[in-house]
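J.: Sequence:
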Amino acid sequence: MRSLLAPPSSALARRLGMIVLTVFTLVAAAGCSPFARALKEGDDFSAQQKWAEAEAAYLRALDAEPRDAEATAKLLKLRQQWSGVVLEEAKAKHTGGDLAGATPLLVRALQLDPENGDARALLAQTLDARVAAAQKALQEERLQDARAEFDAVLAVDEGHAAARKGVTAVQVAFARRWFNTAQRLEEEGKLGNALLAYVRANQEKVGATPALERAEVVRRKLQDEVAFLVVTGPAEDKAEAPDVAQRLSPGRLSALLPQEVPIRVITTEAPKDHEGVRLGLSVERVMPVKSVEQAQKSQRYMVTNKAVPNPRRLQTESALLEQERKLEDVERKLSGVLRDYLRKQDELAQAREVASRCRSRERQACSTALAECVRAFGQSKPGEVPKECSPSRCNPQCEQEEGALSQRASAGQELERRLESAQENAEAQRREVQRGRDAYYREPLTVDEPVYADYPYDVELHRLSITASVTERLMALSKDAAASSPHSEDYAAMHEDAANKAYDKVGVLADPVQLRTEAELRVEAGDKAMAAIATRVMEHFDVYRQRRVEDARRGMVRPSAEDVVETAVRALLLTADQPPQDILQPLAKARGLTNPEAIFGR
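Under this note's numbering, think of the first position of the sequence shown as 174, with each following residue one higher.
One thing to keep in mind: the hints can contain errors.
Stated by the list, open to error - Think about it this way: if two alpha-carbon atoms lie no more than 20 Å apart in a straight line, the pair counts; the simulated DMTMM-like pairs of lysine to aspartate or glutamate are:
no.	residue 1	residue 2
1	K223	E262
2	K250	E214
3	K247	E226
4	K470	E633
5	K470	E712
6	K264	D301
7	K678	D631
8	K363	D724
9	K762	E735
10	K394	E662
11	K463	D670
12	K463	E633
13	K701	E712
14	K701	D301
15	K264	E288
16	K463	E288
17	K250	E228
18	K506	E597
19	K411	E633
20	K264	D286
21	K517	E413
22	K363	D631
23	K394	D446
24	K213	E226
25	K247	E214
26	K250	D271
27	K394	D736
28	K517	D627
29	K250	E226
30	K701	E457
31	K363	D397
Stated by the list, open to error - Derived CB-CB ranges, DEER-like:
no.	residue 1	residue 2	range
32	R357	P415	52 to 60 Å
33	Q596	T541	45 to 53 Å
34	V716	T441	19 to 27 Å
35	Y630	M667	22 to 30 Å
36	D271	Q719	52 to 60 Å
37	R315	R357	19 to 27 Å
38	T441	A665	31 to 39 Å
39	T477	E693	45 to 53 Å
40	D677	T477	46 to 54 Å
Hints in this document: simulated from the structure, not taken from any laboratory. Glycine residues also receive a C-beta, built at the ideal position from the N, C-alpha and C atoms.
Construct the entire structure; sequences and hints are all you get.
T.: Structure below.
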């Protein structure tokens, strides 16, 4: 028996060597995997305190092996160490009084290690210190600095009660500052600037100051200043038509003009040199015209029924003839295919007979050659092959006949398929023809058709029209304006209705006259006249406000200037129904308004 200490045989040594080599290969391969490389890089960067590079390396390792405990533990330990280093930097800045620089470092330290209690405590202390600094700035009226500090604290801790309260206090302080500025501007007579300041004060903190009420007061003053006045009085009634003249009253004119813009309709004398027009109205005449016209209408009614040839029978007959012609074509094609098929069958039979005779001759010739070979082989010398035993004497001799037979058989099969298809088409067409015959014989020869006649009857057309002639005088209020010539125009209101008796025999119902009353039409004529007058007043107002808008546009190169603001605000109040955005937006941006429509009280 071999001793255990004896050297192994060569075969065993080779096997052990291969196992060891395999183990070393697997270890080396494991050491060269992406996970192992990333883990080793992380360890190296961590030893060199290159925290960002080490974190990235450990994250790559976890991407390769998401559940690896070793990589997870190393990443956690790295972040704890990194958090401690960042905390030390934050402490240094905090000690030096740089609270703004310490805050993001403390936030970063807590992001790296949420369990870092020292960083959390120092962050709370830092935020409280920044709130105290902001409150001090608020007391010193450094509102921008205070707001910036409060916002920075809320960006870190949005639930910080003192910071939220401080933001409210800053908003109130801003509102009061803008309100005081607006009061000063109002006292100086800069009403346009004062209006924007009041709007901005209300925007900073709603309800902190009476800015909303004061803005309404200033807005009304500005509207009264730039208002377009329409001086008018009751219309002169020359036609003795009080109902029409009442529709031309100043109140009706005011109701028809747009309410968003400052147009004032007054009955007293206007202030001197104020923009506007003077309107004089007079009703010259009101003429009613009533007329009745005789006319005729016709009513179609059914007299009787008469028998006429059935048009559907003609249609079915035409369709049947078409199907029968199609059947003739299909049967003609079927006959041609059948003749071709029979001819090909005869040719195939002849080719089969020729091939059969050729095969018989070939077998007989080969049998004769074999018999002669046997006789010659018996008479020949040993080892010698007689010429009578040549294989060429039994070579096939009917290749041409066999090819002709195969070709005719293929042609016959093709014609057989064509014949079957033609027979199916013919059968389908025969069924269609039979259906057409059934449909034709089911249709009756005649059908009943109604006979109509026209019955004329008399109609009365009643028409009532009211024509009001109104004269207007529009003259500008400016002292140098020339007197305008009067403008007279007729305004008509009309209604008409047709009436007829009943004609029961032909189905015509009675239709009595239902005209609107004369009073209604007189009111409508007056309304039409006032609507036209309001349109012409608006034309004068559009010329006036367009001039103001052009003056404001020329100053938009410096929208924050006080004189430009005064001009622009007045132009905007005149265009409150459709404010020009090229004036409104720059003005709102210059004054920091988030809602430009608040200028109009919206």
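J.: Evaluate each hint against the coordinates.
T.: Hint check results:
1. K223 with E262: Within the cut-off at roughly 16 Å; holds.
2. K250 with E214: Roughly 15 Å separates the two Cα atoms, so the pair holds.
3. K247 with E226: Cα-Cα ~13 Å, so holds.
4. K470 with E633: This hinted pair holds, its Cα atoms lying about 10 Å apart.
5. K470 with E712: violated (47 Å)
6. K264 with D301: Roughly 15 Å between the alpha carbons, so the hint for K264 and D301 holds.
7. K678 with D631: This hinted pair holds, its Cα atoms lying about 15 Å apart.
8. K363 with D724: This hinted pair holds, its Cα atoms lying about 17 Å apart.
9. K762 with E735: Given pair K762, E735 holds - Cα atoms ~14 Å apart, limit 20 Å.
10. K394 with E662: violated (38 Å)
11. K463 with D670: holds (12 Å)
12. K463 with E633: OK: K463 and E633 at ~13 Å, within 20 Å.
13. K701 with E712: holds (17 Å)
14. K701 with D301: violated (73 Å)
15. K264 with E288: Holds - the C-alpha atoms of E288 and K264 are around 17 Å apart, at most 20 Å.
16. K463 with E288: Given pair K463, E288 is violated - Cα atoms ~99 Å apart, limit 20 Å.
17. K250 with E228: holds (10 Å)
18. K506 with E597: Holds. K506 to E597 sits at ~12 Å (cutoff 20 Å).
19. K411 with E633: violated (35 Å)
20. K264 with D286: holds (16 Å)
21. K517 with E413: Distance of about 115 Å is beyond 20 Å: violated.
22. K363 with D631: violated (76 Å)
23. K394 with D446: Satisfied, since the Cα-Cα distance of roughly 17 Å is no more than 20 Å.
24. K213 with E226: This hinted pair holds, its Cα atoms lying about 12 Å apart.
25. K247 with E214: Status holds; Cα separation ~12 Å.
26. K250 with D271: violated (29 Å)
27. K394 with D736: holds (17 Å)
28. K517 with D627: violated (75 Å)
29. K250 with E226: Holds. K250 to E226 sits at ~15 Å (cutoff 20 Å).
30. K701 with E457: holds (15 Å)
31. K363 with D397: holds (15 Å)
32. R357 with P415: 52 to 60 Å: Hint holds: Cβ distance 55 Å, inside 52 to 60 Å.
33. Q596 with T541: 45 to 53 Å: holds (50 Å)
34. V716 with T441: 19 to 27 Å: holds (24 Å)
35. Y630 with M667: 22 to 30 Å: Distance hint for Y630, M667 holds at roughly 25 Å.
36. D271 with Q719: 52 to 60 Å: For Q719 against D271, whose Cβ atoms are near 59 Å apart, the range 52 to 60 Å holds.
37. R315 with R357: 19 to 27 Å: holds (21 Å)
38. T441 with A665: 31 to 39 Å: holds (34 Å)
39. T477 with E693: 45 to 53 Å: holds (48 Å)
40. D677 with T477: 46 to 54 Å: The hint (46 to 54 Å, Cβ to Cβ) is violated, given that D677 and T477 are roughly 18 Å apart.
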